[in-house]
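Trainee: Starting from the given sequences, assemble the full structure and let the hints guide the process.
The lines below spell out each chain.
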Amino acid sequence: EDQVTQSPEALRLQEGESSSLNCSYTVSGLRGLFWYRQDPGKGPEFLFTLYSAGEEKEKERLKATLTKKESFLHITAPKPEDSATYLCAAPSGSARQLTFGSGTQLTVLP
Amino acid sequence: DGGITQSPKYLFRKEGQNVTLSCEQNLNHDAMYWYRQDPGQGLRLIYYSQIVNDFQKGDIAEGYSVSREKKESFPLTVTSAQKNPTAFYLCASSIHTGRGNQPQHFGDGTRLSIL
Chain G
1 EDQVTQSPEA LRLQEGESSS LNCSYTVSGL RGLFWYRQDP GKGPEFLFTL
51 YSAGEEKEKE RLKATLTKKE SFLHITAPKP EDSATYLCAA PSGSARQLTF
101 GSGTQLTVLP
Chain A
1001 DGGITQSPKY LFRKEGQNVT LSCEQNLNHD AMYWYRQDPG QGLRLIYYSQ
1051 IVNDFQKGDI AEGYSVSREK KESFPLTVTS AQKNPTAFYL CASSIHTGRG
1101 NQPQHFGDGT RLSIL
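Top line first, the protein sequences correspond to chains G and A. This note's numbering numbers the first residue of the first sequence as 1 and each following residue consecutively. This note's numbering numbers the first residue of the second sequence as 1001 and each following residue consecutively.
Which chain A residues stay away from chain G? Per the calculated CB distances, all over 12 Å, these:
no., residue
1, 1011
2, 1017
3, 1026
4, 1028
5, 1052
6, 1053
7, 1063
8, 1065
9, 1067
10, 1069
11, 1071
12, 1075
13, 1077
14, 1080
15, 1085
16, 1086
Covered stretches of chain G, going by a simulated chain A footprint (3 or more residues, C-beta under 8 Å):
no., region
17, 28-34
18, 43-54
19, 101-108
Because the hints were derived from the structure by calculation, they are not lab data. Glycine residues also receive a C-beta, built at the ideal position from the N, C-alpha and C atoms.
Mentor: In C-alpha cells, the structure reads:
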C-alpha cells in the first residue's frame, strides 16, 4: 500500500532558527513528490514539485530536496509568517490520485 | 485571475438532508478532485474526474455523489447516507497529462457542520 509519512507532527522554532521537515514515502515508481503550504481555514497552496532523486527546488527561505526514499523541506532563518502546516503528497495507484501525508504544523515564534 | 472557487465557505446540514457543495475553476484544467480533511489527518480522496461526463470513486466515496456536466464545474453532494459529514471539504484541479504527475491546485474549502 502506498504511504506518505511526515515528521515531526508539530515543530516550534524561534525566529531565525533553521530546521528541516521530513516526508518519507513508500510509493512504487515515484512520479513526482509535491509540497504544499496550508494556512488555517484555507486550501493547500502549491510550493514545489520534485521529480527525481537529487533534485532541489528553492523559494525564498524554503528549499525542498528529494532522495529515493524521502524528501526534506529545509527552512532557513524562518520568520513568523512561515507558520503554517506543510503537506507533502505523491501520485499513487493509477497515478490519477495523490496520497497525502498528515502534515507538519510549523510555528515560528518572534 | 485564474483559480478555483468553492462555495459556500460554511454550510450547515440538518439530519436527513442532502447538501451540495459548489466548485468552479477557470484554469482550463481537465481533471478535478474532491477531498475531505479531518483534524490531524491528511486529505482523503472522495471522487475525481478526468474529463467531462466521467468520474471515479476515491477512497471514501460512500455517502457522496458528484457530477461533471461542464469542464469548469464539479459539484459534490453530501447525502443523508453520509453519517459523519462534519469536515473541511477541498476541491482541486490539475492539468491532465496522462502521467498523473502534475500538481493539483486547491480552492479555499467549505466547512460543513451538522445542526
